[in-house]
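Q: Next come the chains, spelled out residue by residue.
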Amino acid sequence: MMIWVNQIVQGILLGGYYAVIACGLSFMFSVMRIINLAHGSLAIVAAFGLYVLADQFGFDPFGALIVVLPAMAVIGWVLQRTILERSQRGGMLVPILSTFGLSIVIDNLLFEHFGADTRSLAPYIDELSWDSWQLTDDIAIGKLAAITFVTAVVILGGLQLFLTRTQLGRAIRATAEDPDTVGLIGINARRVNAAAAAIAMLTVGIAGAFLGMRATFDPYAGGPQLIFAFEAAVIGGAGSLWGTLIGGIVLGVAQSIGAQINPQGFLITGHVVFLVVLLARLHVDQIGTRFRKTVRRSA
Amino acid sequence: MSLDQTIRIERWTPLSRAAILIAALVLVLLAAGPLLFSNNAVDKLTTLFIYVMLAVCWNALAGYGGLVSVGQQAFFGLGAYAAVRLADAGLSVYPALVIAAVLVAIVSLPISAFMLRLKGGEFAIGMWVVAALCHLLVNLDSLVQGETGTSLIALNAYEADTRHALTYWVALGSMTAILAILFALLRSRVGSAIQAIRDNEEAAASVGVRVMSTKRIIFVFAAFGAALAGALWLATAITFQPKTYFGVQWTAYMIFMVLVGGLGTFEGAILGAVIFFVIEAWFGASGVWYLVGLGATALVFALFLPRGLWGWLERRYDLALLPLGYRVTIGGQPPSRERTPQGGPAAPAPTGNAG
Numbered sequence: 001m002m003i004w005v006n007q008i009v010q011g012i013l014l015g016g017y018y019a020v021i022a023c024g025l026s027f028m029f030s031v032m033r034i035i036n037l038a039h040g041s042l043a044i045v046a047a048f049g050l051y052v053l054a055d056q057f058g059f060d061p062f063g064a065l066i067v068v069l070p071a072m073a074v075i076g077w078v079l080q081r082t083i084l085e086r087s088q089r090g091g092m093l094v095p096i097l098s099t100f101g102l103s104i105v106i107d108n109l110l111f112e113h114f115g116a117d118t119r120s121l122a123p124y125i126d127e128l129s130w131d132s133w134q135l136t137d138d139i140a141i142g143k144l145a146a147i148t149f150v151t152a153v154v155i156l157g158g159l160q161l162f163l164t165r166t167q168l169g170r171a172i173r174a175t176a177e178d179p180d181t182v183g184l185i186g187i188n189a190r191r192v193n194a195a196a197a198a199i200a201m202l203t204v205g206i207a208g209a210f211l212g213m214r215a216t217f218d219p220y221a222g223g224p225q226l227i228f229a230f231e232a233a234v235i236g237g238a239g240s241l242w243g244t245l246i247g248g249i250v251l252g253v254a255q256s257i258g259a260q261i262n263p264q265g266f267l268i269t270g271h272v273v274f275l276v277v278l279l280a281r282l283h284v285d286q287i288g289t290r291f292r293k294t295v296r297r298s299a
Numbered sequence: 001m002s003l004d005q006t007i008r009i010e011r012w013t014p015l016s017r018a019a020i021l022i023a024a025l026v027l028v029l030l031a032a033g034p035l036l037f038s039n040n041a042v043d044k045l046t047t048l049f050i051y052v053m054l055a056v057c058w059n060a061l062a063g064y065g066g067l068v069s070v071g072q073q074a075f076f077g078l079g080a081y082a083a084v085r086l087a088d089a090g091l092s093v094y095p096a097l098v099i100a101a102v103l104v105a106i107v108s109l110p111i112s113a114f115m116l117r118l119k120g121g122e123f124a125i126g127m128w129v130v131a132a133l134c135h136l137l138v139n140l141d142s143l144v145q146g147e148t149g150t151s152l153i154a155l156n157a158y159e160a161d162t163r164h165a166l167t168y169w170v171a172l173g174s175m176t177a178i179l180a181i182l183f184a185l186l187r188s189r190v191g192s193a194i195q196a197i198r199d200n201e202e203a204a205a206s207v208g209v210r211v212m213s214t215k216r217i218i219f220v221f222a223a224f225g226a227a228l229a230g231a232l233w234l235a236t237a238i239t240f241q242p243k244t245y246f247g248v249q250w251t252a253y254m255i256f257m258v259l260v261g262g263l264g265t266f267e268g269a270i271l272g273a274v275i276f277f278v279i280e281a282w283f284g285a286s287g288v289w290y291l292v293g294l295g296a297t298a299l300v301f302a303l304f305l306p307r308g309l310w311g312w313l314e315r316r317y318d319l320a321l322l323p324l325g326y327r328v329t330i331g332g333q334p335p336s337r338e339r340t341p342q343g344g345p346a347a348p349a350p351t352g353n354a355g
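Protein sequence lines, in the order shown, are assigned to chains V and S.
Mapping to my numbering: the first sequence position 69 is 69, numbers consecutive.
Mapping to my numbering: the second sequence position 106 is 106, numbers consecutive.
Honestly, the hints are just simulated from the structure, not real lab data.
It is possible that part of the hints are untrue.
Claimed, not checked - Chain S regions said to be covered by chain V (calculated; three or more residues, Cβ under 8 angstroms):
hint, segment
1, 60 to 69
2, 111 to 125
3, 131 to 144
4, 248 to 255
5, 288 to 295
All C-beta atoms, glycine included, are put in the ideal place defined by N, C-alpha and C.
With the hints as extra help, turn the sequences into a complete structure.
A: Okay, structure coming up:
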């Protein structure tokens, strides 16, 4: 019995990580209506960036974020101004095709440079990677998992405050509403979208950091991360900004319970729960629609 | 300008008649392939036929149906897996390849009920999830032994020369059938309906197009084609390792072929498959950089030439080899072609950001 309780607790904590990687995907979709298929690959880029800084320059992975996060923001800005902006003008299909092409380029460039070895940031964060608080005999909460979860809450709360309380946040909401009309009131939609992409990539950078510390990664790990982010975003999509967190938790709990049932069950259960939620929502609006409304209404 | 210009609507042109005739001749010539070429050349051509099937089916889904899937490897892998299973159950190998594809087409029906509710990028990644799930479930089968895989040992019953020739003929026949079915499909009401849905789903529904069932036809067709291609790939490769068949690189190849050849053009997908075949022969050995090049080329084509090489040729020279649409000629002078593309750079996006 306690084994199952433990699996649920671990699943909830894992959900924190999924919320971190999913919120950038949802955010970009709600603002620019683009699903960035290179999302996962960019998280892996951040993870490799941290790895290089830790491995070759002796940075602490948390400290290295001071370098990597601004770099990710710049990547987001450039990505929007070069590829995404042009893709958006080409209609519905082009963003999917261009970002998928980009993900192939990124994955294989990483492979070319770093090879097939799996890496981890765990060796560079010392006891944090395994230290935990023992709650009962059967339940322990990993410190890293707890930090990840708290970070997810902070990011989501921060995003919400940012969207409601700041000038730029309001501009982003207005642009999401109607990119053509905001020009009339002196908002440069192109710059606002680029800023939104930069913010989304900040969250991707944080996701990459936690992925690297929590587990191992290799150059082709971007695809699975994109799938997890997408599943969490879709499962939680019917809710609010916080729906991403709920989606992440549902996915995480499903996976850890599945893993308890069968060693192969981790991924299978996650995918099946995603499809079941999809079936349940057959008649409900798409992902993002509600989310977008929430962004506008600012909850 | 006189007012008595005759307006004629035509489908067949002298050029398209010639093109069909030449295509038929080429197919007849190809049918004699195993009698003329070496085993090596026969194998290479078999691979080309499979690429053509993959490109044509992905193009049917994305270029005509507006449904970009990054999960067609699900059906590719399932086709190969079903063939392994059927052969293991004692079915003769070559019929098993085709029956496997039919079974996968049946399986794709319930999948379509889920997936066709999704739009755009959601459909794209949703299909990827389906592919990942199919991969994991196939791994559970004890016959497959997880990632170790298995092989189509029943093929050992054939002598090498016979095997190469048979696989070649089945692949050629399958490709011809896929092309013919799609050609007929696109000329029928379904063809007009699916393109109307691609261009504007709400507007199509408002004029009485049955959106769901039309999308389903094209989805099942694409699944069938991918599964047949997968089963044929198994017949050439013999070994079945789930990771190879369910890999997302298949989708990358399909996207590359269709984008370079011409998204939403019948001839373009075939051209793209031929280009991909040649590029692979030249650069395939350079490994990772080859894949970087494929991704970068797809990216550049998506951004700057979304109708691909054929789309460009078509517009530039008013080419129409295959009579898929209708042409309006006024006094013998054809105006610009009326196969309006979606996703062209000039088409304004519904949520354009021209702030």
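Q: Now tell me, hint by hint, if it's right for this structure.
A: Going down the list of hints, with the structure as the test:
Beta-carbon proximity to chain V at under 8 angstroms applies to 3 residues in the segment 60 to 69 of chain S; the threshold of 3 is reached and the given coverage holds. Coverage of a stretch by a chain is defined here by at least three residues with a beta carbon nearer than 8 angstroms to that chain's beta carbons; for the segment 111 to 125 of chain S and chain V the count is 9, and the condition holds. Counting residues of the segment 131 to 144 of chain S whose CB falls under 8 angstroms from any CB of chain V gives 6; the rule of at least 3 is met. Here's how the segment 248 to 255 of chain S fares: 4 of its residues keep a CB closer than 8 angstroms to some CB of chain V, so the rule of at least three is met and the hint holds.
Residue count for the segment 288 to 295 of chain S with a Cβ under 8 angstroms from a Cβ of chain V: 6. That meets the three needed, and the coverage hint holds.
Of the numbered hints given earlier, the model fails none.
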